[in-house]
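Asker: Just so you know, the protein sequences line up as chains C and U, in that order.
The numbering of the first sequence is numbering that gives the first Met the number 0, which starts it at 0 and goes up by one.
The numbering of the second sequence is numbering that gives the first Met the number 0, which starts it at 0 and goes up by one.
These aren't lab readings, by the way, just hints derived from the structure by calculation.
Each hint should be verified, as a subset may be incorrect.
Here are the simulated lysine-lysine pairs, DSSO-like style, with alpha carbons at most 30 Å apart [claimed, not checked]:
1. C:K100 to C:K43
2. U:K549 to U:K370
3. U:K640 to U:K586
4. U:K280 to C:K67
5. C:K63 to C:K100
6. C:K33 to C:K14
7. U:K340 to C:K67
8. U:K681 to U:K520
9. C:K100 to U:K340
10. U:K120 to U:K67
11. U:K340 to C:K63
12. C:K63 to U:K309
13. U:K488 to U:K475
14. C:K33 to C:K63
15. C:K14 to U:K558
16. U:K681 to U:K558
17. C:K100 to U:K120
18. U:K280 to C:K63
19. U:K558 to U:K683
20. U:K81 to U:K58
21. C:K43 to C:K14
22. U:K640 to U:K683
23. U:K549 to C:K100
24. U:K325 to C:K100
25. U:K325 to U:K310
26. U:K325 to U:K359
27. U:K383 to U:K601
28. C:K33 to C:K43
29. C:K63 to C:K14
30. U:K280 to C:K100
31. U:K475 to U:K549
32. U:K359 to U:K280
33. C:K14 to C:K1
Here are the in silico distance ranges between beta carbons for each label pair [to be verified]:
34. U:T346 to C:S109: 45 to 53 Å
35. C:K67 to U:Q369: 52 to 60 Å
36. U:R324 to C:N13: 41 to 49 Å
37. C:K67 to U:V12: 37 to 45 Å
38. U:I234 to C:E112: 32 to 40 Å
39. C:A105 to U:T346: 25 to 33 Å
40. C:S109 to U:K489: 31 to 39 Å
None of the values given here were measured: they were computed from a predicted structure.
C-beta atoms are modelled at their ideal positions from N, C-alpha and C, and glycine is treated no differently.
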Amino acid sequence: MKLLIVDDSLIIRNKIDRCILQRFSEVMHAENGKQALEVVIANKPDVITMDLTMPHMSGNEAVKEIIKIAPNTRIFVVSALADKATAISALTYGANGFLCKPFSAAELNSAIERIINVELSA
Amino acid sequence: MFRSIFGKYRFLVVSIALFLIFDLGVLTLNFYTSGKIAEQTELINLAARQSTLTQQMSKATLYIKAQKLQQWVYQSGVDELKEHYTIFDETLSAFTGGGLVESVETSLPIEINALTDGDGKAILDEANRLWAGFQVAIAPLMVDTLITDDEIRPASAFIAKHNVDMFNHMNALTTHFTEVAERQTTLLRRAQIIGIGLATINFFVILFHFIRQLRSRERVIQTKQYESDQILSTINEGVFLVGRDLVMSGQYSKHLETVFATQNVSGQRLESFLSNYFPTKTVDTALEFVRLYFLDHIDSSLIADVNPLKKVEANIVLENGELQRKYLDFSFAYLQTDSGKPSLLVTVNDITAGVLLEGKEQESAGELEQKISLITQTLPIPEKELQCFFDESLASFDSINTLLKDTGRVTDSYENTLTRISREAHKLKGNAAALELDWFANRMHQFEDSLEAIRTRSRVSRVSGEDLLPLTMQLKECYDDIEVLSELKKKLLSYGGANNVKPPLNRVENVGSDKQPIENKRWFGLVNYTNRVAAEKDVVVDLKLRGFNKIVPAPLTEKLYPIVVQLVRNSVSHGIESQLTRSNLKKPNHGQISVSLSDDRKGNYRLLFEDDGRGFDYEAIRTDIVKKGLIDEAAAMALGKTGLVRYAFIDSISSHSVVDTVSGRGVGLPLVWEQVRQLNGKLKVRSVQNEFTQFIIDFKYEAQSKDNATIQKAS
């Protein structure tokens, strides 16, 4: 399985990278929604962790676009709870779950497991 | 397996199966017996025909005889006899050994079985024996030759003699068949009665069972309903269901009505219900959140964090029309109901008490933290210095308290009283700040804020003693803090804890190289204080103290120390420029402040305070004088530098427009002047813009015997 970590913070990207278990054969990084779209088109990741507030293209917009081109991709939003409405919008657009920053490795891995097991109606 | 297949319906299935078996049994028996009865009816008809045939054979024989005697044609009689004889014989043979016979009703050949039961067989045996005689007697008549008189007479005589016997045998056979048929009919009737009886019993068993089941289920449902009602009426949570259509269910907990102070819950649209208590934006977000639970791609366990109705503030209108603010906590659980329709179980908790308690706890924790911080701040302060601060503070509190009490009673105006209180408070703040007792300094700053607010109000409207009440309260709190702190310090000292605490290194290191008397340590602390205030103001300052290598008498320190503190604060706030500005002005990077105390050993003292800052901002003072309405603009413009400086020593005049914890209230210099007056001293001010400012205070001081005693004791 392939994982794409989308966050404008290198620290957060590295933290997620460090925390995840040996579940993924490939882990890719993207700094913003635009880059994430490019990676999705080129590499078709199975799971995406998506920050919401990013330059160039926000997480919400990215989720909307990714669901159009790769509807079976599992996406979970990893964000601080500054604006719950934005997070809810991302979920409405097609993200499968939400993980609040800051998070522990156990929380992250548990969320990934749950997201992978979500049955998509499509 | 049976149990697993039919489960709770097995009784119904068994009962219906039994019902069907009974019905089928009766039907089968009915069918079988009916067949038998039909067969028996055929036998009865055949036996009855045999009786008739007996008579007809007798009649035909008598006919032949009569025709023969009259020499008439008798052939038709012979033909009739032959026909009757043949049918009778075939039928009797079939009764005896089974075989095909012609049906009475249809004239078609039918198969009958040999008669086997005893009574019937006995009749048949008798009939067969008699028939044998008939056959012998009739045989000559059955040939196609002419019948002689010798042939007809014995035949006629035999038939006449035995005709009735044969008739009776055949009647007996008919009766026998009839009896058999009746028995079969009786059996069938009984079987039908039994079958119908069993089926009826089975039906009633099923009916009873179902009624019992229905009653039992009804009782269970009623019990569950009762329990459910009990739970919903006693549960201390607001509970209700919401469907995909976002309509609230009819069943909900009684507590929900209490939480929202309404009985209008059932069947409401969630949107309109929430709109009664929350802002539109919260409602919109909440509805969007609730809809997430019904989306297939969402894992409901991973969205609880974005619940917008967690610890949410609700404005609830009570029955009496009063608006009550509550803190509510909504939680949601996805349910798949029996009907297959998904629902959301919504639980609402009133967490107002918890939230308020949490707030109070935080407040208490904050206060405790502040007190601990205050205690921690006092630990490095030398005992005497701290005691001095406590004594001065308590004296100032007493002074302020007296002023507050006397307000309105004495001839002094409110404005003047407030000014005097303000000076005392400012002095306390300065002293606390100099000792790095920030928490206390902040308290005094808040006190000054309150004071300032009253002073501002007093300028536009009459101030009463009630307006000063908050000041009294604040003062009381400060007083209590100092008392508590003083007690704690004493206890710590008694444990030896405070004696073991070493003051911070910089407190001593920055004092200078001269050997400094311990009594003057309060003065040494000014170096550290200056650095802290400078850091706050983003400037760098070097403070140099001169003349403090001799013991400064405590009463003198009490008067001079607040002066120097205020001047340091003023200098750092308004005088010393930033490093960049100083660099542009070709000044040393570090601002220089010098405080020197000298005397001529005849009791004439001089305190010289100087800095190399920007000097007095005369224009700012001029502006403030006009703004405060002390003089008009023309008069202000006419003022020279000396005149403007004089105004700087009047209350509330400041060259600094922003009030902060360090300066800007226009209280510092008036306080300096007040202290100088208390020393009966003279104050000279010299200032050159962008060069320096000097404050020269000359005064006389002669140590009293009590002071000496104090110094001696301190030594």
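Asker: If a hint holds in the structure, say so; if it doesn't, say that too.
Answerer: Now the hints, each set against the structure:
1. This hinted pair checks out: K100 of chain C and K43 of chain C have alpha carbons roughly 26 Å apart, not beyond 30 Å.
2. For the hint pairing K549 of chain U with K370 of chain U, the CA-to-CA distance comes to about 35 Å; that exceeds 30 Å, so the pair is violated.
3. For the suggested pair K640 of chain U and K586 of chain U, the alpha carbons sit about 24 Å apart, so the restraint of at most 30 Å is met.
4. Taking the CA atoms of K280 of chain U and K67 of chain C, the gap is near 28 Å; set against the 30 Å cutoff, the hint holds.
5. Our distance criterion of 30 Å between C-alpha atoms is met by K63 of chain C and K100 of chain C, whose separation comes to about 22 Å.
6. A threshold of 30 Å between alpha carbons decides the hint, and for K33 of chain C with K14 of chain C the separation of about 21 Å falls inside it, so the pair holds.
7. Between K340 of chain U and K67 of chain C the alpha-carbon distance is near 29 Å, which keeps this suggested pair within the 30 Å criterion.
8. In summary, the hint linking K681 of chain U to K520 of chain U is supported, as the alpha carbons are separated by about 26 Å, within the 30 Å threshold.
9. Between K100 of chain C and K340 of chain U the alpha-carbon distance is near 34 Å, which puts this suggested pair outside the 30 Å criterion.
10. About 38 Å separates the Cα atoms of K120 of chain U and K67 of chain U, which puts this hinted pair outside 30 Å; it is violated.
11. Proposed proximity of K340 of chain U and K63 of chain C is supported: the alpha carbons are some 28 Å apart, at most 30 Å.
12. The hinted pair formed by K63 of chain C and K309 of chain U meets the criterion: a straight-line CA distance of about 27 Å does not exceed 30 Å.
13. Proposed proximity of K488 of chain U and K475 of chain U is supported: the alpha carbons are some 20 Å apart, at most 30 Å.
14. Pair hint K33 of chain C plus K63 of chain C holds up; C-alpha atoms about 12 Å apart against a cutoff of 30 Å.
15. As the CA atoms of K14 of chain C and K558 of chain U are separated by approximately 60 Å, the hinted pair breaks the 30 Å bound.
16. The suggested pairing of K681 of chain U with K558 of chain U holds, with an alpha-carbon distance near 14 Å, which does not exceed 30 Å.
17. Taking the CA atoms of K100 of chain C and K120 of chain U, the gap is near 108 Å; set against the 30 Å cutoff, the hint is violated.
18. A distance of roughly 22 Å separates the Cα atoms of K280 of chain U and K63 of chain C; the hinted pair therefore holds under the 30 Å criterion.
19. With a CA separation close to 17 Å, the supplied pair K558 of chain U and K683 of chain U stays within the 30 Å bound.
20. Restraint check for K81 of chain U and K58 of chain U: the C-alpha separation of about 12 Å stays at or below 30 Å, so the hint holds.
21. Between K43 of chain C and K14 of chain C the alpha-carbon distance is near 22 Å, which keeps this suggested pair within the 30 Å criterion.
22. For the hint pairing K640 of chain U with K683 of chain U, the CA-to-CA distance comes to about 13 Å; that is within 30 Å, so the pair holds.
23. In summary, the hint linking K549 of chain U to K100 of chain C is not supported, as the alpha carbons are separated by about 61 Å, beyond the 30 Å threshold.
24. For the suggested pair K325 of chain U and K100 of chain C, the alpha carbons sit about 28 Å apart, so the restraint of at most 30 Å is met.
25. As the CA atoms of K325 of chain U and K310 of chain U are separated by approximately 10 Å, the hinted pair is consistent with the 30 Å bound.
26. Restraint check for K325 of chain U and K359 of chain U: the C-alpha separation of about 16 Å stays at or below 30 Å, so the hint holds.
27. At most 30 Å may separate the alpha-carbon atoms for a hinted pair to count; K383 of chain U and K601 of chain U meet this at roughly 28 Å.
28. Distance restraint check for K33 of chain C and K43 of chain C: the Cα-Cα separation of roughly 15 Å lies within the 30 Å cut-off, and the hinted pair is therefore satisfied.
29. A C-alpha spacing of about 25 Å is found between K63 of chain C and K14 of chain C, which places the hinted pair at or below 30 Å, so the restraint holds.
30. A threshold of 30 Å between alpha carbons decides the hint, and for K280 of chain U with K100 of chain C the separation of about 24 Å falls inside it, so the pair holds.
31. Among the hinted pairs, K475 of chain U with K549 of chain U is inconsistent with the structure: their alpha-carbon atoms are about 38 Å apart, more than 30 Å.
32. Of the pairs offered as hints, the one joining K359 of chain U and K280 of chain U holds, with about 29 Å between alpha carbons and a cut-off of 30 Å not exceeded.
33. With a C-alpha separation of about 17 Å, the suggested pair K14 of chain C and K1 of chain C falls inside the 30 Å cut-off, and the hint holds.
34. For T346 of chain U and S109 of chain C, the Cβ-Cβ distance of about 23 Å falls outside the hinted range of 45 to 53 Å, so the restraint is violated.
35. Take K67 of chain C and Q369 of chain U: their Cβ atoms lie about 56 Å apart, and the range 52 to 60 Å holds.
36. For the pair R324 of chain U and N13 of chain C, the supplied restraint of 41 to 49 Å holds, since their beta-carbon distance comes to about 44 Å.
37. One distance hint, 37 to 45 Å for the beta-carbon pair K67 of chain C and V12 of chain U, is violated here, with the actual separation near 54 Å.
38. In this structure, I234 of chain U and E112 of chain C meet the distance hint of 32 to 40 Å, their C-beta atoms being roughly 34 Å apart.
39. Checking the proposed 25 to 33 Å range against A105 of chain C and T346 of chain U shows it holds: the Cβ atoms sit about 26 Å from each other.
40. Roughly 55 Å separates the CB atoms of S109 of chain C and K489 of chain U, a value that falls outside the hinted 31 to 39 Å.
Comparing the model with each earlier hint shows violations of hints 2, 9, 10, 15, 17, 23, 31, 34, 37 and 40; every other hint is respected.
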